[in-house]
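With the hints as your guide, set chain F onto chain R.
There are 2 protein chains.
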Amino acid sequence: MKRIKCVISYDGSGFSGYQIQPNKRTVQGEFEGVLVKMHGGNEIKVHASGRTDANVHAYGQVLHFDTSLAIPSTKWIKALNSLLPDDIAVSHVQQEDKDFHARFSVVSKEYRYKISRQQERDVFSRDYAYHFPYELNIERMREAAQYLLGTHDFTSFCSAKTEIEDRIRTIYEIELFQYNNELTMRFVGNGFLYNMVRILVGTLIEVGQEKIFPAQIKEILEKKSRIYAGKTAPAHGLYLWQVNYDN
Amino acid sequence: MKRIKCVISYDGSGFSGYQIQPNKRTVQGEFEGVLVKMHGGNEIKVHASGRTDANVHAYGQVLHFDTSLAIPSTKWIKALNSLLPDDIAVSHVQQEDKDFHARFSVVSKEYRYKISRQQERDVFSRDYAYHFPYELNIERMREAAQYLLGTHDFTSFCSAKTEIEDRIRTIYEIELFQYNNELTMRFVGNGFLYNMVRILVGTLIEVGQEKIFPAQIKEILEKKSRIYAGKTAPAHGLYLWQVNYDN
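So the sequences go chain by chain: R and F. Residue 185 in full-length UniProt numbering sits at position 185 of the first sequence, and the numbers go up by one each step. Residue 20 in full-length UniProt numbering sits at position 20 of the second sequence, and the numbers go up by one each step.
Don't read these hints as lab results, they were simulated from the structure. There could be a bad hint or two in this list.
Which copy? The list can't say, so a pair holds if one copy fits it or any two copies do.
Claimed, not checked - Derived lysine to aspartate or glutamate pairs resembling EDC-like cross-links, with alpha carbons at most 20 Å apart:
no., residue 1, residue 2
1, K223, E135
2, K224, E163
3, K78, E222
4, K45, E120
5, K75, E182
6, K45, D127
7, K75, E120
8, K114, E165
9, K78, E135
10, K78, D122
Small disclaimer: the values here were computed from a predicted structure and weren't measured.
Chain R extracted, bound-state conformation (with noise of 0.2 Å):
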């Protein structure tokens, strides 16, 4: 048996989100109806770095899985895109060690939002990006960004329903860029809880309209719950950008 690494993107507007679920449409669901294929019949359990919720998009998930079949890696890149639906594509493909795991292994993650500033709402982007035609004060919610930068405890930034008791997490890098009339703002982290990225978009957004201070982000962080801090963003805006491994 051999253990493959799988590199995929997807648009998540057409899935109830990555992990399988009865009678809905998911990325997982999908990808282990490839491999069944694949593999005359059996199936094929795969693992991925972590879910994606329903509109999230994916632009570096990885996955991994074994299997018997002696294919070269190349091989399988044109094997899965060929049999994948539209909406899902395997950007690369490779074989890893026995203590390669897909979500055990991961080092770091990076999420990417994207928020479209223009006026009137674009067609092309209206699964792509959030939406937001009101002004931002973009400075400042940069230096609210330096607040959330380091090891802090993430429970007010994040879904009352987390189930998960540790909710210590570190934020390595936080960037804000802008290129035309589109916002993105990365997020690379040790680990993210659930609803964490965008609820930390949607409490920057409110330092932009300047309805929450960049130093009041210390105190939502300090409160320990989930009422103080902003609105959840949209789903459609975030991308599962990258993830990255020890190598």
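Coordinates of chain F only, in the frame set by chain R:
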């Protein structure tokens, strides 16, 4: 009655083209449907700069219609955008004199064609650029484009089904530029025949593949027969980019 000019964009993926057809979802059908609502059930005829085929996009299609409603231009944008489906958006509204006509007043039009040149298919551009992962000699394509500039009989470069007799058109500009893995081809002319841009693109692609020599373009024009030009490039890479009028 006031004559209103609208600049609209649409994602062509969900339409059976611009022009209204029974039992099909069309841009004109959706737009006229919104105007009927705004005019208390009265039908309002919309005139466009020209038709676009199924899956062809518009970044700057121009329409006009006559109305008795006394709405200022900025309110027209908001009203139309709130009623139109999310794959059609109005970017500009302006009152015009009665002698303005979206089709007959056109001075020139710009079309763009996008080609995605990355090796593996890209899920995010699958409906918005033609995926062509093969070698292209861009310099030869630019050389070939020079032979297309100016005033010619473009019979060889329009659909054999074209009914219009006068196939003489003037192309003012053809520009090819690359950004990341995307090649954009810009065409500006006084008018374009049925399928003309897609056949020009398909032919230039064959020049890029070195199947056709740049100087052969001159001969293809002279043959005045569709069979000598290249294939018709797919619709989903094409954008009606801008329509220009005297002002």
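Checked hints:
1. K223 <-> E135: Neither way: K223 and E135 sit 28 Å apart in one copy and 57 Å across, limit 20 Å.
2. K224 <-> E163: within (14 Å within a copy, 71 Å between copies)
3. K78 <-> E222: neither (50 Å within a copy, 42 Å between copies)
4. K45 <-> E120: neither (44 Å within a copy, 24 Å between copies)
5. K75 <-> E182: neither (37 Å within a copy, 25 Å between copies)
6. K45 <-> D127: Close neither inside one copy (30 Å) nor across copies (31 Å); limit 20 Å.
7. K75 <-> E120: Classified as between: cross-chain Cα gap 12 Å, same-chain 44 Å, threshold 20 Å.
8. K114 <-> E165: Neither, since 30 Å and 48 Å both go past 20 Å.
9. K78 <-> E135: So K78 and E135 pass the 20 Å test across copies only (18 Å; inside, 45 Å).
10. K78 <-> D122: Answer is between: at 13 Å across copies they meet the 20 Å cutoff, but 34 Å inside does not.
The structure is inconsistent with the numbered hints 1, 3, 4, 5, 6 and 8, although it conforms to all the rest.
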